[in-house]
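Colleague: Here are the chains, one letter per residue:
Protein chains: 2
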Amino acid sequence: MSQKELYNVAILGATGAVGQKIMRLLEEKEFPVKQLKLLSSKRSAGKQMIFNGENVTVEEATPDSFKDIDIALFSAGGSISKKLAPEAVKHGAVVIDNTSAFRMDENVPLVVPEVNKEDLKEHQGIIANPNCSTIQMVAALKPIQKAYGIERIIVSTYQAVSGAGAQANKELEKQSKDFFEKGTMEAEILPVKGDKKHYPIAFNALPQIDVFQENGYTFEEIKMINETKKILHQTDLSVAATCVRLPFFTSHAESVYIELAKDGVHVADLWNELRNAEGVLLEDDPATQTYPTPLSAAEREEVFVGRVRKDLDNDRGFHLWVVSDNLMKGAALNTVQIAETLIKNNWLK
Amino acid sequence: MSQKELYNVAILGATGAVGQKIMRLLEEKEFPVKQLKLLSSKRSAGKQMIFNGENVTVEEATPDSFKDIDIALFSAGGSISKKLAPEAVKHGAVVIDNTSAFRMDENVPLVVPEVNKEDLKEHQGIIANPNCSTIQMVAALKPIQKAYGIERIIVSTYQAVSGAGAQANKELEKQSKDFFEKGTMEAEILPVKGDKKHYPIAFNALPQIDVFQENGYTFEEIKMINETKKILHQTDLSVAATCVRLPFFTSHAESVYIELAKDGVHVADLWNELRNAEGVLLEDDPATQTYPTPLSAAEREEVFVGRVRKDLDNDRGFHLWVVSDNLMKGAALNTVQIAETLIKNNWLK
Numbered sequence: 002m003s004q005k006e007l008y009n010v011a012i013l014g015a016t017g018a019v020g021q022k023i024m025r026l027l028e029e030k031e032f033p034v035k036q037l038k039l040l041s042s043k044r045s046a047g048k049q050m051i052f053n054g055e056n057v058t059v060e061e062a063t064p065d066s067f068k069d070i071d072i073a074l075f076s077a078g079g080s081i082s083k084k085l086a087p088e089a090v091k092h093g094a095v096v097i098d099n100t101s102a103f104r105m106d107e108n109v110p111l112v113v114p115e116v117n118k119e120d121l122k123e124h125q126g127i128i129a130n131p132n133c134s135t136i137q138m139v140a141a142l143k144p145i146q147k148a149y150g151i152e153r154i155i156v157s158t159y160q161a162v163s164g165a166g167a168q169a170n171k172e173l174e175k176q177s178k179d180f181f182e183k184g185t186m187e188a189e190i191l192p193v194k195g196d197k198k199h200y201p202i203a204f205n206a207l208p209q210i211d212v213f214q215e216n217g218y219t220f221e222e223i224k225m226i227n228e229t230k231k232i233l234h235q236t237d238l239s240v241a242a243t244c245v246r247l248p249f250f251t252s253h254a255e256s257v258y259i260e261l262a263k264d265g266v267h268v269a270d271l272w273n274e275l276r277n278a279e280g281v282l283l284e285d286d287p288a289t290q291t292y293p294t295p296l297s298a299a300e301r302e303e304v305f306v307g308r309v310r311k312d313l314d315n316d317r318g319f320h321l322w323v324v325s326d327n328l329m330k331g332a333a334l335n336t337v338q339i340a341e342t343l344i345k346n347n348w349l350k
Numbered sequence: 002m003s004q005k006e007l008y009n010v011a012i013l014g015a016t017g018a019v020g021q022k023i024m025r026l027l028e029e030k031e032f033p034v035k036q037l038k039l040l041s042s043k044r045s046a047g048k049q050m051i052f053n054g055e056n057v058t059v060e061e062a063t064p065d066s067f068k069d070i071d072i073a074l075f076s077a078g079g080s081i082s083k084k085l086a087p088e089a090v091k092h093g094a095v096v097i098d099n100t101s102a103f104r105m106d107e108n109v110p111l112v113v114p115e116v117n118k119e120d121l122k123e124h125q126g127i128i129a130n131p132n133c134s135t136i137q138m139v140a141a142l143k144p145i146q147k148a149y150g151i152e153r154i155i156v157s158t159y160q161a162v163s164g165a166g167a168q169a170n171k172e173l174e175k176q177s178k179d180f181f182e183k184g185t186m187e188a189e190i191l192p193v194k195g196d197k198k199h200y201p202i203a204f205n206a207l208p209q210i211d212v213f214q215e216n217g218y219t220f221e222e223i224k225m226i227n228e229t230k231k232i233l234h235q236t237d238l239s240v241a242a243t244c245v246r247l248p249f250f251t252s253h254a255e256s257v258y259i260e261l262a263k264d265g266v267h268v269a270d271l272w273n274e275l276r277n278a279e280g281v282l283l284e285d286d287p288a289t290q291t292y293p294t295p296l297s298a299a300e301r302e303e304v305f306v307g308r309v310r311k312d313l314d315n316d317r318g319f320h321l322w323v324v325s326d327n328l329m330k331g332a333a334l335n336t337v338q339i340a341e342t343l344i345k346n347n348w349l350k
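So the protein sequences, as listed, match chains S and P. The numbering of the first sequence is our numbering, which starts it at 2 and goes up by one. The numbering of the second sequence is our numbering, which starts it at 2 and goes up by one.
Honestly, the hints are just simulated from the structure, not real lab data. A hint or two may mislead.
Simulated crosslink set (DMTMM-like; lysine to aspartate or glutamate; CA at most 20 Å straight-line) [unchecked claim]:
1) S:K230 x P:D179
2) S:K345 x S:E6
3) S:K183 x P:D106
4) S:K175 x P:D179
5) S:K311 x S:E152
Far from chain P, some chain S residues (derived; all Cβ distances over 10 Å) [as the list claims (entries may be wrong)]:
6) K68
7) E119
8) N205
9) S239
To spell it out: a stretch of chain S is covered by chain P in this simulated footprint if at least three of its residues, at any positions, have a beta carbon under 8 Å from a beta carbon of chain P; those stretches are [as the list claims (entries may be wrong)]:
10) 151 to 162
11) 188 to 198
12) 248 to 256
13) 282 to 289
14) 314 to 322
Virtual Cβ for every residue (Gly too), placed ideally from N, Cα, C.
Could you build all of it, start to finish, from the sequences and the hints given here?
Modeller: Structural data, given as structure tokens:
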């Protein structure tokens with residue numbers, strides 16, 4: 002396959018927030034699409050969407066939907082991925098899956114192209130897109146790991162509600178208005194749709210993203226810990242995470258502490274690595290109050306890094322503030338970039 | 002002086018958010034007030050406030066305002082404290098100062114009564130109330146330090162806008178409404194009133210609280226680092242802080258990582274210490290999604306702790322989520338508790 006070929010592409014979960022972003026990115030990036038198939042649950046089937054100026058009818062996803070599909074971009078939830086990804090592979094499609102279903106499967110590459118695109122070579126039909134909060138952190142840390150080694154990561158996250166889906170966005174909007182108009186707020190979705198209890202997110206902070214595991218960590222925290230080690234190819238890396246949902250719509254921010262494997266590194270050295278890193282934009286100048294924020298990073302493609310500081314007690318310790326649009330680099334964009342990388346390198350098979 | 006005596010009390014900054022809370026707490030706690038003097042800038046002088054059912058006229062603060070005052074509670078900004086606290090002391094008053102003006106002065110006790118009330122014995126007329134984000138952290142960590150020793154703290158904060166004053170609250174409210182009604186937001190106050198640039202706080206996160214120092218840390222971060230060491234009486238304690246302003250009105254939350262001085266400690270051991278700690282309430286049960294949030298802690302007196310977890314890589318490492326009302330324990334309540342402790346122990350002098 003050469004770069005000039007065109008491909009039959011399917012988007013599963015086409016009507017969701019990430020699915021729609023994927024479609025827009027395929028247009029914007031002039032992805033070599035021969036035919037685009039939009040797939041969804043039975044409920045959303047029949048909807049009309051416009052791709053490159055033409056109407057496309059959303060179809061209900063079935064195992065046979067993937068006949069003649071070259072690239073299938075999955076973003077419809079873990080259980081659907083588990084059921085349909087193997088079927089798509091049987092039909093010869095390469096699946097890029099946006100759920101956590103296959104991420105820790107040792108036969109499935111977990112890829113952020115700027116960080117570990119070589120892992121794509123080993124794919125057996127399914128490739129996993131990492132968790133949103135993981136993607137932006139490893140994108141920022143890879144150049145530092147490469148230059149100086151990293152022995153330890155402690156991260157506290159500041160995550161947008163859109164990571165919990167479009168319903169969570171609506172809940173934040175409704176609660177924000179009700180807070181002023183009614184003085185009360187109803188919570189039905191967050192912190193986790195389907196979990197036992199719900200708390201207001203407007204004018205609040207919820208230290209729970211995804212469900213709790215037996216060890217007291219949330220699944221979001223466990224995902225960040227395990228995925229980071231896998232993507233950075235470093236099983237002995239210490240990673241700790243505390244994940245918090247906050248009342249903003251777009252972009253995750255992260256307060257990241259790292260310990261390098263080398264002494265004597267300066268902030269200017271890290272700045273240098275970050276300035277030259279693919280997909281990373283350094284926005285760090287205390288004198289002019291320059292740092293990234295969730296609002297400034299929204300709708301942007303890059304991972305933004307600011308507030309780089311040396312720890313005052315530990316010569317190998319550094320603090321960073323990492324912000325990126327959770328639906329773009331954190332989901333849709335990274336998915337499309339994986340597909341582009343497969344094509345560019347003839348790794349689609 | 003015995004506990005039955007009554008005292009002439011002055012509140013400087015009486016019309017501000019913290020000043021008003023202090024007055025309410027003096028009422029609620031039946032503080033032994035003989036006469037209450039309310040002091041402010043010239044601008045607010047003349048206002049009427051009600052204390053214990055009686056009208057009190059706010060007076061402009063001058064050096065002579067402190068004649069015959071026993072206890073002066075200062076909450077009107079650092080420069081005013083620097084000017085008027087020594088004058089109040091000259092008149093024989095004991096000043097409890099809510100600003101950063103004297104906190105790191107070695108002759109000034111910096112006190113959270115549950116943590117280091119003995120330091121009050123050494124006062125020379127001025128006692129400093131710590132920074133809001135510091136108070137709640139040391140209140141939660143003191144029982145752990147006492148039982149197991151703490152060698153290191155890394156904290157990322159989630160701080161309410163009310164820490165920046167009543168104007169910041171109004172800014173968050175206006176921006177939140179404008180976001181939906183106009184689609185634009187104007188920023189004039191936050192992150193720091195009087196600093197060069199302003200950014201919207203509604204539906205955003207600002208990694209700047211107080212002004213930047215030359216080393217790239219903000220003054221809020223430096224305050225947390227230095228004050229924590231002073232209050233916990235441990236100059237060799239490693240403390241790192243990243244302070245972030247978020248779009249909620251009340252309560253600061255903190256993601257706190259600590260390293261103990263002992264091996265083999267379990268989560269249950271920390272729970273045990275926290276359950277028995279004065280002023281602390283443990284709210285920690287993942288099975289029932291029980292953890293504190295800014296909204297649940299608002300208007301409450303305690304420091305709430307949840308999400309206590311052992312680090313997955315470091316036997317001495319633990320993570321905690323600490324939440325408290327920044328205007329209550331973080332400011333007004335701690336101020337009043339210092340005054341109560343001085344009286345109870347005959348340390349007023």
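Colleague: So, for every hint listed, does it hold in this structure?
Modeller: The hints, checked one at a time:
Between the alpha carbons of K230 (chain S) and D179 (chain P) the distance comes to roughly 42 Å, so the proposed pair goes past 20 Å and is violated. Our distance criterion of 20 Å between C-alpha atoms is met by K345 (chain S) and E6 (chain S), whose separation comes to about 11 Å. Only pairs whose Cα atoms come within 20 Å are accepted, and K183 (chain S) paired with D106 (chain P) is rejected, the gap being roughly 47 Å. For the hint linking K175 (chain S) to D179 (chain P), the alpha-carbon distance of about 14 Å falls within 20 Å, and the restraint holds.
Between K311 (chain S) and E152 (chain S) the alpha-carbon distance is near 15 Å, which keeps this suggested pair within the 20 Å criterion. Interface exclusion of K68 (chain S) from chain P stands, the closest Cβ pair being 44 Å apart, more than 10 Å. E119 (chain S), annotated as away from the interface, keeps every beta carbon of chain P farther than 10 Å; the closest lies near 27 Å. The claim that N205 (chain S) is not at the interface with chain P is violated, since a C-beta of that chain comes within 10 Å of its own (minimum 4 Å).
A cut-off of 10 Å between C-beta atoms contradicts the statement that S239 (chain S) is not in contact with chain P; the least separation is 4 Å. Judged by the Cβ-Cβ criterion of 8 Å, the stretch 151 to 162 of chain S is covered by chain P as claimed, because 4 of its residues qualify and three suffice. Taking a C-beta to C-beta cut-off of 8 Å, the stretch 188 to 198 of chain S contributes 4 residues in contact with chain P, enough for the three needed, and the coverage statement holds. For the stretch 248 to 256 of chain S, the stated coverage by chain P holds: 5 residues have a C-beta nearer than 8 Å to a C-beta of that chain, and at least 3 were required.
Judged by the Cβ-Cβ criterion of 8 Å, the stretch 282 to 289 of chain S is covered by chain P as claimed, because 3 of its residues qualify and three suffice. Residues of the stretch 314 to 322 of chain S with a Cβ under 8 Å from some Cβ of chain P number 5, which satisfies the need for three, so the listed coverage holds.
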